[in-house]
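> Taken in sequence, the protein lines are chains A, B and C.
Numbering follows my numbering, in which position 240 of the first sequence is assigned residue number 240; successive positions increment by one, without gaps.
Every number in my numbering is 1000 more than the matching position in the second sequence, counting from 1.
Every number in my numbering is 2000 more than the matching position in the third sequence, counting from 1.
Don't read these hints as lab results, they were simulated from the structure.
Not one of these hints is a red herring.
Below, a sample of chain C positions facing chain B; criterion: calculated Cβ distance under 8 Å:
{"no.": "1", "residue": "Leu2362"}
{"no.": "2", "residue": "Glu2363"}
{"no.": "3", "residue": "His2373"}
{"no.": "4", "residue": "Val2377"}
{"no.": "5", "residue": "Gly2378"}
{"no.": "6", "residue": "Gln2379"}
Here are the simulated PhoX-like pairs of lysine-lysine, each with C-alpha atoms no more than 20 Å apart in a straight line:
{"no.": "7", "chain 1": "A", "residue 1": "Lys118", "chain 2": "A", "residue 2": "Lys135"}
{"no.": "8", "chain 1": "B", "residue 1": "Lys1425", "chain 2": "C", "residue 2": "Lys2338"}
{"no.": "9", "chain 1": "C", "residue 1": "Lys2215", "chain 2": "C", "residue 2": "Lys2121"}
{"no.": "10", "chain 1": "C", "residue 1": "Lys2044", "chain 2": "B", "residue 2": "Lys1069"}
Fair warning: this is a prediction, and the values are worked out from it, not measured in the lab.
Quick reminder that beta carbons are idealized off the backbone N, C-alpha and C, glycines included.
Here's the letter readout for the chains.
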Amino acid sequence: MLSIKNLNVSIQGKQILRDFNLEIKAGEIHAIMGPNGTGKSTLASTLAGKEEYEVTSGEVIFNAKNLFDMSADERAREGIFLAFQYPVEIPGVSTTNFMKAAVNAKRKHQGLEPMDAKDFLKLMREKMALVEMNKEFSSRSVNEGFSGGEKKRNEIFQMAMLEPALCLLDETDSGLDIDALRIVANGVNKLRDANRSFLVITHYQRLLNYIVPDYVHVMYGGKIVKSGGKELALKLEEQGYDWIKEENSELV
Amino acid sequence: MADNDKIIDEVVANDYKYGFTTNIEQEFAAIGLSEETVRFISAKKNEPEWMLEWRLKAYSAWLKMEQPKWQNVHFPEIDFQSIIYYAAQKKKKVINSLDDVDPEIRATYDKLGIPIQEQKLLAGVAVDYVMDSESVITTFRESLKEKGIIFCSISEAIREQPELVKQYLGSVVPQRDNYYAALNSAVFSDGSFVYIPKGVRCPMELSTYFRINAENTGQFERTLIIADEGSYVSYLEGCTAPMRDENQLHAAVVELITLDNAEIKYSTVQNWYPGDKEGKGGIYNFVTKRGMCRGKNSKISWTQVETGSAITWKYPSCILKGENSIGEFYSVAVTNNYQQADTGTKMIHIGKNTKSRIVSKGISAGKSQNSYRGLVQVHKTADNAYNSSQCDSLLIGDKCGAHTFPYLEIKNKTGRVEHEATTSKIGEDLLFYCNQRGLSNEEAVSMIINGYCKEVFKQLPMEFMVEAQKLLSISLEGSVG
Amino acid sequence: MSFTENIAKQFALIGNTNVAELRKNAFTAFEKLGIPSSRHEEWKYTNIKTKLNEQLSLTPVDSQVNTAVKNYISSLPPYSFRIIFLNGVFHSELSIVPQMKGLTVCSLKEAFTSNSSLVEKYFGKLVNYSEEHFAALNTAFVNDGAFVHIQKNVLIDEPIYIQYFFTASDVNAFAQTRSLVILEDGASIQLAEDFRNASNISVQYNHVSEVYVGKNASIDIVKLQLEVSNAIGVDTLEAQVERDGKFSAATITFSSPNTGTGKALIRNNVTARLIGENSHADLNGLYFGKETAHIDNHILVDHISPNCTSNQLYKGVLDDESTGVFNGKIFVKPDAQKTNAFQSSKALLLSNEASINSKPQLEIFADDVKCSHGAAVGQLDENALFYLRARGITKQEATQILTYAFAHEVIEHVHSKPIRQFLCDRLKDELKVNF
Chain A
1 MLSIKNLNVS IQGKQILRDF NLEIKAGEIH AIMGPNGTGK STLASTLAGK EEYEVTSGEV
61 IFNAKNLFDM SADERAREGI FLAFQYPVEI PGVSTTNFMK AAVNAKRKHQ GLEPMDAKDF
121 LKLMREKMAL VEMNKEFSSR SVNEGFSGGE KKRNEIFQMA MLEPALCLLD ETDSGLDIDA
181 LRIVANGVNK LRDANRSFLV ITHYQRLLNY IVPDYVHVMY GGKIVKSGGK ELALKLEEQG
241 YDWIKEENSE LV
Chain B
1001 MADNDKIIDE VVANDYKYGF TTNIEQEFAA IGLSEETVRF ISAKKNEPEW MLEWRLKAYS
1061 AWLKMEQPKW QNVHFPEIDF QSIIYYAAQK KKKVINSLDD VDPEIRATYD KLGIPIQEQK
1121 LLAGVAVDYV MDSESVITTF RESLKEKGII FCSISEAIRE QPELVKQYLG SVVPQRDNYY
1181 AALNSAVFSD GSFVYIPKGV RCPMELSTYF RINAENTGQF ERTLIIADEG SYVSYLEGCT
1241 APMRDENQLH AAVVELITLD NAEIKYSTVQ NWYPGDKEGK GGIYNFVTKR GMCRGKNSKI
1301 SWTQVETGSA ITWKYPSCIL KGENSIGEFY SVAVTNNYQQ ADTGTKMIHI GKNTKSRIVS
1361 KGISAGKSQN SYRGLVQVHK TADNAYNSSQ CDSLLIGDKC GAHTFPYLEI KNKTGRVEHE
1421 ATTSKIGEDL LFYCNQRGLS NEEAVSMIIN GYCKEVFKQL PMEFMVEAQK LLSISLEGSV
1481 G
Chain C
2001 MSFTENIAKQ FALIGNTNVA ELRKNAFTAF EKLGIPSSRH EEWKYTNIKT KLNEQLSLTP
2061 VDSQVNTAVK NYISSLPPYS FRIIFLNGVF HSELSIVPQM KGLTVCSLKE AFTSNSSLVE
2121 KYFGKLVNYS EEHFAALNTA FVNDGAFVHI QKNVLIDEPI YIQYFFTASD VNAFAQTRSL
2181 VILEDGASIQ LAEDFRNASN ISVQYNHVSE VYVGKNASID IVKLQLEVSN AIGVDTLEAQ
2241 VERDGKFSAA TITFSSPNTG TGKALIRNNV TARLIGENSH ADLNGLYFGK ETAHIDNHIL
2301 VDHISPNCTS NQLYKGVLDD ESTGVFNGKI FVKPDAQKTN AFQSSKALLL SNEASINSKP
2361 QLEIFADDVK CSHGAAVGQL DENALFYLRA RGITKQEATQ ILTYAFAHEV IEHVHSKPIR
2421 QFLCDRLKDE LKVNF
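Next comes chain A alone, as it looks inside the complex (with noise of 0.2 Å):
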């Protein structure tokens, strides 16, 4: 479904992804697990099309497109899903318009009429109840005042109405407390299947309890430098980075 051949992403001219590749399969769920600095989240920024990271060289195929041809919402629209680690405010659309937008533009892309109203309401109820988020939260504006685990849960919320092919979920673990925790994840298992992919970034092996990959990943110096099952998790959550950094120790 994704494939990633030799990356390489600057910033503002400095270089944080160097020849990096990972392939993720239909159905797979792959955690990606490192040290501050490392180019996590920008890996998950630039899959998702944000404008100023800077892709120097390599490629990416998703479903047999070449991603960079792509603007950032037609990716999203041929169905990649970035679960933003600090989830914009946005003052003034409520969430219901902002989704009704949303569910609108992809089902414009796949050729299907706009939602009927009805079933649009229904199925936001639906999702909403997934996350267990109170339906006040529709016509609230999008994330304004919501708290750290609320702006969280929408994301999950949000992943679960566009029913995207792909998942990417950038710290979304970060801030938040044991409860909302258990409720993000239960949210995401119950979004896996055979045919959706998740992309899991994470500092703290905590979340990987909940939400189970098939596949762990130590980035570090803007590469992936050590591949393994769920087992590599909890060997980091005892040992911390230190022995990747020393084993690395020329990348940085």
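Starting from the known structure of chain A, arrange chains B and C on it as the hints suggest.
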């Protein structure tokens, strides 16, 4: 904290410390202003013909101009015919070394706390001393000369560096720019000239110390600083005047020019005599200061601490012409008793990717009026220009006023301008907290205000930061009960 | 005939009217003031002198009710109150004025006789005609307008809709219209004043509203300037608020491109004087500039008494070659301790030919105050745009949605529900947002 403690300790006298006069024999131009006065000054300075013409052109422009009235300050009409436009030490001899300086003048600068003795000077500061209309001496000239840096009085530069002066004088502030700039252009008597050659980083702070001494005289100095490609200079100006019952006019012009990749940092600690507690006497400080970032990636930074003058009226500005050039303005203006200040800046964005930052802290006490007036212009050509302004006012007591008049004129859609201003007083809970820790109100206010102005003070070279903090405490004395 | 001669001749024709002395004083003041040029500080960015026609015709002409007027009236929500003026002349046959206890709504002309003591007490007492050019002209020449008086403790839930149509057939016509609104203590009311060019030639008008807000009274007033692409309009709103009173005003200006002769110039002066303790002013504005429109909002909040609060929120979206002006002043007098005053002005520039001049000012003479202003000019937040695009929304649509959100914040301040809904719909139309 240590600095603050020291300041508070040092603050004992409530009065203007620099109010004495110096007894030296001086010669004056005849009172009043006419074409003859202009010719007299030019002749005294042994100026070349082109300079006299330049002055006369300014004089004839000035005659046709009217005194501006838009500023938020009030004063009786100035009689330009009752001012003496030139005053200088009479017994002039060629000064080659510090020993040649008249002992009275040396004593004056000693009393001001800035002795004219190179070895005793604060490390690495070259000073040009200007009293009334004449430059007294410029220190460290020789060591600067080795690097190709020219630091001398403007009179000397007119004689010795005619090409540079002709090219740049009036290029940023034209003769007819405004009423007082025109007046200055006609009658300026001295001031400083600085040229930093390509690629040179000036190894020491350059400084001019302005002193008004004579009675009934106006001071009209002119400063011109040129930073050639890739050069850097930090320049500081200080000033004091005797206490007199009459108002004295100070109308200076400062022009700064930076070429590609050059930077000028210009700091002022202005402490002209502010008048007495009843508002009698004091300096009218009507000054035009403007910098032009001509070259790409160049930078001009103004820092001013304004505590003196009966009336201050000045807007150190930046014309950001070169691509990626940067303008900065950091200001603390304190007014007490009957002082009036109308000060601020203009940031004119012409080049692409130009940036500017404005930080203004106004503090009004007593019966004073303190205004910030600023202009941010983003021209059509200035793609991606960015300005951020922060203008804060603090009121001490309920008889004073604080005013904020920013003008934002944006003509480019990629321009971003953010302006914020606040007005408040020192919170009672904050004062109480300090009282509870044993500080008197006066000590607490001094400390809080120094904190309030920190962002500006930290722009100043270290020695001057301490001086500025001291000044602030002195000028606010007696303002809190 | 010179400008002054022309005006003087017309003034002489007015004859004997009510408040004659006041009119005469106002006229004398105007003779001295004239039409301001851009050399006048308050008109620095708005050069109205070159836009107004040289020969002004100030006498009202009764005009035919055209189909544009009829169509617009029928498109309005079913307001219970509807007061219609055409070129400054009251049209009772188009108006709906139900009788209600404690409320008087009628034409100013009628009020001059039916409520002469009230009119004489209040008319012309708020505007500063000795310094305000257009208030002076209006006070001297105004012939008709709306009169609203609401008695002590009377609360009216329905908005009172005052519609000023201009259909000038004479290009020199400079319509002078006026509203006088008096709220006795404890009264409450919502009011809309709608200004509209219902013709396809350019019109000129000069409107003055005087609003008296009694103790603990409250008013929510909305100025609508939704069809003014082809108009030169000066609108002066002066309010005086007594103890515990609340004054809320929103000015909404759209200059949509329709006929576009490039003569749109709108100047709004809003002044709120907080004369009683603990009173409040809430002033909001939204403006959309298109083509060569010029929209100028001049705001003054005058804090005269202690413990008062004020809020200003002005937002502009400027496209094509339009220009916006924001001039907002917070004035705090020496006695007005414990004042809290805030002001925010924001503008989006959508085109490189558009421009904005902003002058937010503070003048503070009391020390125990909290005052602040913020002004920002720029473009939409890049992060928000990316967030929307990451959800599959096209750049164009994301821009529309965020512009809607930007503007909508102002409309949220309109308290009257039907008017707020009406404005929301208009905003969606304008931005082609469909949700």
